[in-house]
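A.B. asks: What follows is each chain in one-letter form.
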Amino acid sequence: MKFISIIWLISISLVGISQSMLPLVQDTNVNQLGHEISISGVGDYQSTSIGKDITRAFFYGGLIDESMKTTSSSRHDEINRFGIDLNSEIEYRNQNINLFKDSLKGLLLKGGVYNFSSIIYSKDLFDMCFFGNEIFTGDTAYFTGSKFTNMAFQKIGMGWLNKKTNSSFNLNFIGVTSYLNGLFNESYLFQSQNVDSLEFRLHGEGERANSNGYFKGFGLAFDMDYRFKMKKNEHDFVHFQLLLRNLGVVYLNNTDKYLANDITSIESLRIDDLLNSTSIFNNPDDFANEISDTIVTNGAFKLLPAMFQFTKLIDNNSSHKFQGFFGFRGYLNNAYVPMLFGGLDYKPSKWIRLGIQGSYGGFSQLRYGVYTALQLNHFNVGLASENLFSKTGESIIIKLLCAF
Amino acid sequence: MKLVTPFFRVIIVLIFLGVILSCKKESTRWETEWVVPFVTDTLDLYKLHNDSTLDNFSSSNYLVNLERELLDVSLNDFFFIPDTTISQTFSPTIGIGSVPPGFTFYNEVEAHELSIPDAQLKRIIVSQGKIELKVFNPIETSAFYTIKMPGAVKDGTTLEYTFFIDAGTTDNPAVANEEVVLDGYHIDLRGEDISGSVNISGFNTLQTSLSIMSDPNGEAVGISTSDEFEVEAKIQNLSISYAQGYFGEQAFSDTSFFEVPILNQIIAGNIDLDEIPIDIEISNGTKIPFSAKISLLENTNYLSETLSLSSALINSSQLIAPATGAWSSLNPSNHLISFNNANSNITNYFENLGHTHRLGFEVRMNPFGFNTGSYNEIFPNSRLKLKLKSQFPLGLQSNGLMFSDTVDVNFNPQIVDDLITANQVVLDVAVVNTFPISGKFHLEFLDENGTILHELNNNETIESSLFGTMDPQENLMKMESSVKVLIDNTVLSDLNITNRIVLKAELNTASGVIQSIPCNAYLFFKSFLKVNTTNIIQ
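First to last, the protein sequences are chains G and A. Per the working numbering, residue 1 is the first one in the first sequence, and the count goes up by one each step. Per the working numbering, residue 405 is the first one in the second sequence, and the count goes up by one each step.
Calculated from the structure, these hints are not laboratory results.
Cross-link-like lysine-lysine pairs, in silico, DSBU-like; alpha carbons within 35 Å at most:
(1) G:K123 <-> A:K888
(2) G:K147 <-> G:K302
(3) G:K123 <-> A:K930
(4) A:K934 <-> G:K52
No experiment lies behind these values; they were computed from the predicted model shown.
Turn these sequences into a full structure, and let the hints guide you.
C.D. replies: Laid out in structure tokens, this is it:
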């Protein structure tokens with residue numbers, strides 16, 4: 001695992017933060033050198049509403065001023081989404097080995113580090129966090145339906161690949177390093193116009209992994225990269241990829257589950273309360289005790305935030321300088337709206353590729369991106385962004401490939 | 405050739421430091437505004453709207469209609485009849501010989517004197533009390549003892565009680581314990597004269613009669629001179645609802661204290677008042693002549709200055725006539741002692757703003773002694789009362805009158821930590837004032853030694869209602885004010901060592917005018933804390 005962490009650090013140092021995919025190229029030429037190592041890093045955060053100036057302030061530090069908050073707040077609808085996908089993978093492909101005595105089956109080893117976070121939230125929750133409760137004077141701030149989840153995990157696994165089609169299957173051992181989940185059912189904060197009473201209704205639950213060790217739980221997941229082609233005309237084929245990544249289950253050894261179903265009221269004091277009580281300012285724990293009325297500790301099975309993607313691939317051997325690609329992507333996460341994407345690939349020479357792409361969905365809405373790839377004999381470098389011009393997200397993808 | 409020059413080393417160090425420093429992430433910061441309810445209340449005089457304090461309906465301005473009872477005593481407070489034990493013993497002077505079953509061999513009446521100091525009671529009605537009887541039987545057969553109290557009658561029947569006692573012996577007599585309840589008995593305490601008639605001049609005399617009869621179903625036994633038949637009666641916890649007689653020249657004197665706590669919180673300033681007359685009413689519901697005098701009326705203010713009421717009426721005995729009528733037609737006799745500016749310094753007395761008042765008085769029964777006759781009478785509804793009464797318009801001129809109160813606080817370290825991250829806290833107070841009095845408040849934050857850590861003095865004034873507008877619905881002048889008290893970070897950072905907060909309120913009215921207080925006047929205020937925080941994520 002230390003090795004995986006080092007790889008993760010290397011990737012981070014290259015791209016700062018990272019996520020996946022483009023350019024997606026189908027190369028049906030068998031790697032004659034036999035060995036191939038690829039390192040990829042993805043850093044992607046997206047939001048329907050939160051400005052990237054605010055998100056950057058959380059990543060890099062700095063002051064979130066009134067202008068930034070107001071601009072983001074005005075962008076919010078009743079329901080909003082925000083997500084972060086950071087991951088780094090290292091992959092080793094050996095095409096000299098014939099697994100299962102099958103000349104088409106090579107060896108595939110994989111490792112990766114993943115951090116996936118998502119939030120669905122109300123505008124009132126954003127305003128409460130960034131402006132405070134003063135703006136809700138005489139009003140009710142609703143948090144109902146808001147939910148958040150975060151899971152960080154590492155994986156190491158092995159499998160086989162089809163030397164000809166590049167399809168692969170990998171079984172991975174998963175170690176979870178953190179898990180957090182929360183849900184607001186009926187929840188609100190009501191403040192009277194005179195600010196003489198507050199009523200906080202919290203009906204919800206929260207859950208977090210709470211083991212002492214570095215790994216909070218373990219599990220199994222598989223990756224599947226299935227590639228197939230369809231005949232386009234007499235000479236050309238159209239290549240497709242169906243990708244499943246991290247589809248699996250983990251068992252968390254110890255989770256603390258907090259259940260709350262309370263109404264907490266804060267009323268104005270009376271003069272007599274103020275003059276005759278000495279305990280007005282010394283019982284702050286009451287509030288915390290009131291809002292979480294049940295804590296359950298036990299082990300729990302959790303699904304990993306698996307990714308599904310279907311893509312029409314770029315054919316590396318095509319004679320066309322321009323090729324189109326398209327597809328859709330989904331995550332096993334209810335904050336992530338299935339994302340449709342499509343784009344155009346341009347290959348001005350045999351050693352370089354350029355491309356543009358657009359997408360709609362995910363944690364945000366419409367996004368535009370570009371990519372470039374440098375293809376040398378034994379070395380391949382790809383740099384992409386799926387979100388280049390958005391005000392509510394950023395994305396960077398880097399992929400290094402070395403054949404030997 | 406030296407490749408690594410000193411200059412080059414400096415460059416390397418600078419580059420290294422630059423790389424390290426560039427790795428240091430700046431903290432993420434943003435500000436939020438939070439509001440929390442604090443105190444909302446109405447200060448008014450509604451609790452004093454009653455027929456013995458404030459009159460809010462006779463005029464548009466408050467009238468003080470004060471009536472306070474300083475003394476209210478009843479018959480039981482006048483007389484205390486001590487527990488008394490009386491004993492009636494019979495021992496034959498000659499041997500009776502054999503006594504057959506069912507033979508009454510003793511039947512005598514005895515008179516006993518009750519010990520009632522200074523009083524000569526002739527008749528009483530017992531409201532509550534009992535007699536505990538202890539009877540000894542020395543003969544070797546069981547017997548019936550009959551106790552009678554010839555002067556004690558209830559519902560026309562004389563008190564009589566018969567009880568059975570087992571056989572005993574001369575050396576070890578049998579003992580029986582019984583209890584007789586005296587509630588409601590009319591007892592004639594005059595006793596009998598030689599002829600057996602009521603002794604008209606007698607008093608404090610209780611008669612008992614004892615008869616002993618051998619058990620009709622027992623055996624004949626002999627009675628000797630060494631046999632002693634005894635009845636022991638303990639009269640206990642006797643309280644009376646009616647008494648007639650001469651009750652002596654008893655005197656009651658006392659000093660009553662009454663306090664006005666809020667005046668103990670004044671720390672500066674003074675007031676001017678119009679005349680405040682005071683009446684002390686003495687009501688005598690007994691048929692006993694009294695004399696009464698006010699021996700002292702003084703108060704002590706916040707400066708520990710004591711001012712005594714100066715008047716010719718102080719220490720002057722006043723005669724209080726007996727009540728007239730009897731029982732349900734009893735009509736108390738009332739006597740008034742009035743203090744006003746013509747006969748006393750009563751206005752100065754109140755302007756002293758005393759928080760503790762002391763009233764000394766003395767009441768004496770039968771001031772002319774036994775000459776008034778021996779027919780003092782006290783009925784169940786007889787009471788002797790002393791009341792303080794006063795009526796005047798409520799108004800004052802306040803000259804910087806300042807009240808102070810101290811609130812003990814104990815800021816939890818967790819709260820302190822939370823508040824210290826706050827940039828500032830503003831106490832936002834909105835006030836509606838219908839009193840013709842302006843106010844200003846000050847805050848002091850003190851540590852455990854009483855040292856003032858911080859003072860917040862320059863707060864806005866809560867303006868007098870006279871600067872406002874008339875509300876025709878409530879028929880009150882109203883003035884709205886807004887006061888914002890800034891509690892900055894210097895105060896917040898010392899909250900962990902703050903043990904007390906002193907709240908001072910300064911009241912003022914227009915100069916040279918006694919300002920009447922309108923009926924139903926109130927001061928409504930609502931306040932909340934507005935906390936500006938900088939949220940930091942390192």
